[in-house]
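Line by line, the protein sequences are chains A, B and C.
Under the UniProt record's numbering, the first residue of the first sequence is numbered 1, with each subsequent residue one higher.
Under the UniProt record's numbering, the first residue of the second sequence is numbered 1, with each subsequent residue one higher.
Under the UniProt record's numbering, the first residue of the third sequence is numbered 1, with each subsequent residue one higher.
Source of the hints: derived by calculation from the structure; they are not laboratory data.
Worth double-checking, as some hints may not be accurate.
Taking beta-carbon pairs under 7 Å as the criterion, some of the chain C residues facing chain B (in silico) [stated by the list, open to error]:
(1) VAL55
(2) PHE207
(3) ILE240
(4) LEU453
Derived coverage of chain B by chain A (criterion: at least 3 residues anywhere in the stretch with Cβ under 8 Å from a Cβ of chain A; other residues may be distant) [claimed, not checked]:
(5) 13–20
(6) 23–31
(7) 34–44
(8) 54–60
(9) 73–84
Note that CB positions come from ideal geometry on N, CA and C, so glycine has one too.
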Amino acid sequence: MSEHDVLNPKQMPLNPEKATLEGKNKFIGFWFFLGGETVLFASLFGTYLALNGSTNGGSSSQELFGLELVFIMTMLLLTSSLTSVYAMYHMKNNEFKKMQIWLGITVALGIGFLCFEIYEFYHYIHHYEFTMRSSAFGSAFYTLVGFHGGHVVFGLSWIIALMIRNAKRGLNLYNAPKFYIASLYWHFIDVVWVFIFTVVYLMGVL
Amino acid sequence: MAEKTSLHPAQLDYEKQKRKEEMKQQVITFALMIIFTIIAFSMVIAELNKLFVIPVIFVLAAVQVGFQLYYFMHMSHKGHEMPAFMLYGGVFAAFLTILALAALVWW
Amino acid sequence: MSTMVANNKRSFGSTLWDYLTTVDHKKIAILYLVAGGFFFIIGGLEALAIRWQLVKPMNDFVSAGLYNELITMHGTTMIFLAAMPLIFAFMNAVVPLQIGARDVAFPFLNSLGFWLFLFGGIMLNVGWITGGAADAGWTAYAPLSTTSPGEGVDYYVLGLQISGAGTLIGGINFLVTIVNMRAPGMTYMRMPLFTWTAFVASALILFAFPALTVGLFLMMFDRLFGSGFFDPNMGGNSVIWQHLFWIFGHPEVYILALPAFGIFSEIISTFSRKRLFGYSAMVFATVLIGFLGFMVWAHHMFTVGMGPAANSIFAVATMAIAIPTGIKIFNWLFTLWGGNIQINTPMLWSLGFIPTFTLGGMTGVMVAAASADYQFHDSYFVVAHFHYVIVGGVVFALFAATHYWWPKMFGKILNDTLGKVTFWLFFIGFHLTFFIQHFLGLMGMPRRYWVFLEDQGLDLGNAISTTGAFLMGLGTIVLLYNIVVTSVKGEKVGSDPWDARTLEWAIPSPPPFYNFKQLPLVRGLDPLWIEKTEGRKGMTPAEPISDIHMPNNSFLPFVMSLGFFIAGFGFIYQKYDLVWLSLVFIGMGIALGAMLMRSVKDDLGYHIHKEDLVKEAKE
Numbered sequence: 001m002s003e004h005d006v007l008n009p010k011q012m013p014l015n016p017e018k019a020t021l022e023g024k025n026k027f028i029g030f031w032f033f034l035g036g037e038t039v040l041f042a043s044l045f046g047t048y049l050a051l052n053g054s055t056n057g058g059s060s061s062q063e064l065f066g067l068e069l070v071f072i073m074t075m076l077l078l079t080s081s082l083t084s085v086y087a088m089y090h091m092k093n094n095e096f097k098k099m100q101i102w103l104g105i106t107v108a109l110g111i112g113f114l115c116f117e118i119y120e121f122y123h124y125i126h127h128y129e130f131t132m133r134s135s136a137f138g139s140a141f142y143t144l145v146g147f148h149g150g151h152v153v154f155g156l157s158w159i160i161a162l163m164i165r166n167a168k169r170g171l172n173l174y175n176a177p178k179f180y181i182a183s184l185y186w187h188f189i190d191v192v193w194v195f196i197f198t199v200v201y202l203m204g205v206l
Numbered sequence: 001m002a003e004k005t006s007l008h009p010a011q012l013d014y015e016k017q018k019r020k021e022e023m024k025q026q027v028i029t030f031a032l033m034i035i036f037t038i039i040a041f042s043m044v045i046a047e048l049n050k051l052f053v054i055p056v057i058f059v060l061a062a063v064q065v066g067f068q069l070y071y072f073m074h075m076s077h078k079g080h081e082m083p084a085f086m087l088y089g090g091v092f093a094a095f096l097t098i099l100a101l102a103a104l105v106w107w
Numbered sequence: 001m002s003t004m005v006a007n008n009k010r011s012f013g014s015t016l017w018d019y020l021t022t023v024d025h026k027k028i029a030i031l032y033l034v035a036g037g038f039f040f041i042i043g044g045l046e047a048l049a050i051r052w053q054l055v056k057p058m059n060d061f062v063s064a065g066l067y068n069e070l071i072t073m074h075g076t077t078m079i080f081l082a083a084m085p086l087i088f089a090f091m092n093a094v095v096p097l098q099i100g101a102r103d104v105a106f107p108f109l110n111s112l113g114f115w116l117f118l119f120g121g122i123m124l125n126v127g128w129i130t131g132g133a134a135d136a137g138w139t140a141y142a143p144l145s146t147t148s149p150g151e152g153v154d155y156y157v158l159g160l161q162i163s164g165a166g167t168l169i170g171g172i173n174f175l176v177t178i179v180n181m182r183a184p185g186m187t188y189m190r191m192p193l194f195t196w197t198a199f200v201a202s203a204l205i206l207f208a209f210p211a212l213t214v215g216l217f218l219m220m221f222d223r224l225f226g227s228g229f230f231d232p233n234m235g236g237n238s239v240i241w242q243h244l245f246w247i248f249g250h251p252e253v254y255i256l257a258l259p260a261f262g263i264f265s266e267i268i269s270t271f272s273r274k275r276l277f278g279y280s281a282m283v284f285a286t287v288l289i290g291f292l293g294f295m296v297w298a299h300h301m302f303t304v305g306m307g308p309a310a311n312s313i314f315a316v317a318t319m320a321i322a323i324p325t326g327i328k329i330f331n332w333l334f335t336l337w338g339g340n341i342q343i344n345t346p347m348l349w350s351l352g353f354i355p356t357f358t359l360g361g362m363t364g365v366m367v368a369a370a371s372a373d374y375q376f377h378d379s380y381f382v383v384a385h386f387h388y389v390i391v392g393g394v395v396f397a398l399f400a401a402t403h404y405w406w407p408k409m410f411g412k413i414l415n416d417t418l419g420k421v422t423f424w425l426f427f428i429g430f431h432l433t434f435f436i437q438h439f440l441g442l443m444g445m446p447r448r449y450w451v452f453l454e455d456q457g458l459d460l461g462n463a464i465s466t467t468g469a470f471l472m473g474l475g476t477i478v479l480l481y482n483i484v485v486t487s488v489k490g491e492k493v494g495s496d497p498w499d500a501r502t503l504e505w506a507i508p509s510p511p512p513f514y515n516f517k518q519l520p521l522v523r524g525l526d527p528l529w530i531e532k533t534e535g536r537k538g539m540t541p542a543e544p545i546s547d548i549h550m551p552n553n554s555f556l557p558f559v560m561s562l563g564f565f566i567a568g569f570g571f572i573y574q575k576y577d578l579v580w581l582s583l584v585f586i587g588m589g590i591a592l593g594a595m596l597m598r599s600v601k602d603d604l605g606y607h608i609h610k611e612d613l614v615k616e617a618k619e
């Protein structure tokens, strides 16, 4: 397939993200990377589970966590997962504008999530003086949730960069895999969050 | 590479229709995920017995993640054998890691 | 295109630029070989310094502090900066050729992986010149590591983090290459065993390295940002580090050993002129070792106090690994049996490996017995055990692979006589050094002590051990001499100097940059051998000559790695003065900027045109 066909395909195939060898490689490679990420977060979850009682006389999870905020954050992130499914649906139908709109909504929801998370951290630090240096529990909490937050930041920057870069030229076989794996990354962020709200917050207030 | 060849319009319509129906299923999946989340939160707020709540919220989380992987991330589609294999490899290593850190560290 | 490259003296500057920007897996292999070889020599010199300190009782060649730095850096360098990259060198050089691919799946990431490794390796060693390298042992157990003064351990943490990221990228690259890029007819069960072991080792990298990544982050936060993961005063627990380290660390042993097994399988089969005995059992054993390798990490921690139940489970799981390993040993022996054996340097290393590694495996079962391990733990018995496994398994394999694949990588055969001299010096030196250490350990000599006392029965054994170490050094010097002599005088060889069996020998040595002009049609295991037995000279092509798609070179991997390298210094020195945080911003800015550039700038590669390929064939 020549460069021209990749950038200006005569007709979009059914699965544009896997139409080229590069696309197939990206697709498989990114899934493998997510397999590795699973172990990365497992190590953080394991550390958190080992240290969630080690409050060192400081604030405990029962004192700190409220469920209202976490519930809103969860809804935001879950919804953003659905909107990115919509974006990929339109990508496969080669409806670039609609895909951009849905990705835009995804990004907006993600930013909303991030703002709440920053507020949450700010709240803990200023009202409870609960920081990474307070106790082993604090270290584990901020590291686990912060790693997830870092993934959110990276995912948002990634999607925004892709949206801006391709705004003028639309879909082709070169950028379709990029959009697809960025959305996989976004779903994975949601997967991790499901365990975070279960293990950290729900179990934390019990 | 077979997909490169141009598609018959009728087949294209068929695929589009199929996707549309799949999208409807995705919305149902999403609704279920929301319901599961609400159940998990309300069980904790209702302060039911810990020994009962913890396993249930874990199962709910696991099912939700399954939805996310198999429907939202399309792992139920064909061509995902290798991704599934490597993801489960990761889950296996993840399981052992969490088990050890949660159970062995303070022995 | 390629005609310009061939036999054309180029200026030093353009060659350097070519290597700094290359995305060609064969050139990256050479980079890995050179860098890994360099660190192997550094690690070897550290080993000689350790042995010289222990040549006699109460020696004062080095101070206790320097001795700690030497043992730490020797272990870390040898595992992460010598053995891993040298394995990666041969994986890069050979795996794409063995599966009939024109390139790896992610040429850009392949290059990024190398540069991250190199900058990480440099970072690890910077400590030597800024007032002390890491000194908490290669395992960096907390609280020894979290309380170690100075920046030595910080360099260890940041250096390993950077080079570990490179390794992870390399692992994913090989997995995808092997899954997606196999030539027509190259089914999984027709893949050469080296490719299979590279595949399983890469999967282990994928699942093991993230645990190290997290461990290193926690260590970094503890040392540099005041967190308390491993600090009991804050409610932390130092055993978490041990678990994370060994969840990574034990699979790491198999990440090194499996490709080594693959190398020996290729060599033994080639020089016995026989198909590998029990190929499917070998594949099965490889996968099984990879699987079991994840369930045994805690056998490094028997004396931590995990309780009898956990100790028993991990002891039994560990012993179970002896079964697939035994399958492999017997299959190698059966491959030799009745074969038309040709003894040359690669074969000598392979034959030396079998008994040596078996000894390491035997002592492995001994230390796997949890109750007995209380006696062996932290003694020279353990030192002897893991050197029999890692040197007897991995380093022997690397020497063997160097001699075996040198003609493919550089087009010349290393001198066989000098090769044999290297082997005998190193082989005898190795056993002199480490066999006696089993007994030193059983007599109670603890590991990691910088002196021992007179007249405790340890004097003679240590002197013998030191003698052996210098013989190994001599062997390595002969190899270096051999490389120089061969490069200057050696004669060019054809595509298949060993009369070998697998696909890499079907194309010229060294291969053209596009590897295969036409992708080969693979008709079974040992595809080249099949064609040769049917009287054909080379592979049957699976496609007509057509345009070949190639990736563009890029300088960005180097820039990204440099960015992380700079940021690393910022992270370390901000503990003294927050001004240093500016380096973090500069470094991360460079790295992320380069990533963004990679993301927004289209890079579609280029095509070698059919006409050029045809023209080249005629010349």
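Exercise. Was the hint right that PHE207 of chain C lines chain B, CB cutoff 7 Å?
Worked result: The hint holds - PHE207 of chain C has a Cβ within 7 Å of chain B, the shortest such distance being about 4 Å.
Exercise. Are LEU453 of chain C and chain B close enough, Cβ to Cβ, to be under 7 Å, as the hint says?
Worked result: At 36 Å from the nearest chain B Cβ, LEU453 of chain C fails the 7 Å test, so the hint is violated.
Exercise. Against chain B, with CB atoms and a cut of 7 Å, does the hint on VAL55 of chain C hold up?
Worked result: 41 Å, violated
For this session: Verify the coverage statement for the stretch 34–44 of chain B against chain A, using a C-beta to C-beta distance below 8 Å and requiring 3 or more qualifying residues.
Result: holds (count 5)
For this session: Please count how many residues of the stretch 23–31 of chain B have a CB within 8 Å of a CB from chain A and say whether that reaches 3.
Result: holds (count 4)
Problem set entry | Within 8 Å of chain A's CB atoms, at least three CB atoms from the stretch 54–60 of chain B: coverage verdict | holds (count 4)
Problem set entry | Hint status (Cβ of ILE240 of chain C to nearest Cβ of chain B, threshold 7 Å) | OK, holds: ILE240 of chain C within 7 Å of chain B, min 6 Å.
For this session: Tell me if chain A covers the stretch 13–20 of chain B under the three-residue, 8 Å CB rule, please?
Result: holds (count 3)
Exercise. Residue count check for the stretch 73–84 of chain B against chain A: does it reach three with CB-CB under 8 Å?
Worked result: It holds, with 5 qualifying residues against the three required.
Going down the numbered hints, you'll see the structure goes against 1 and 4, while the others check out.
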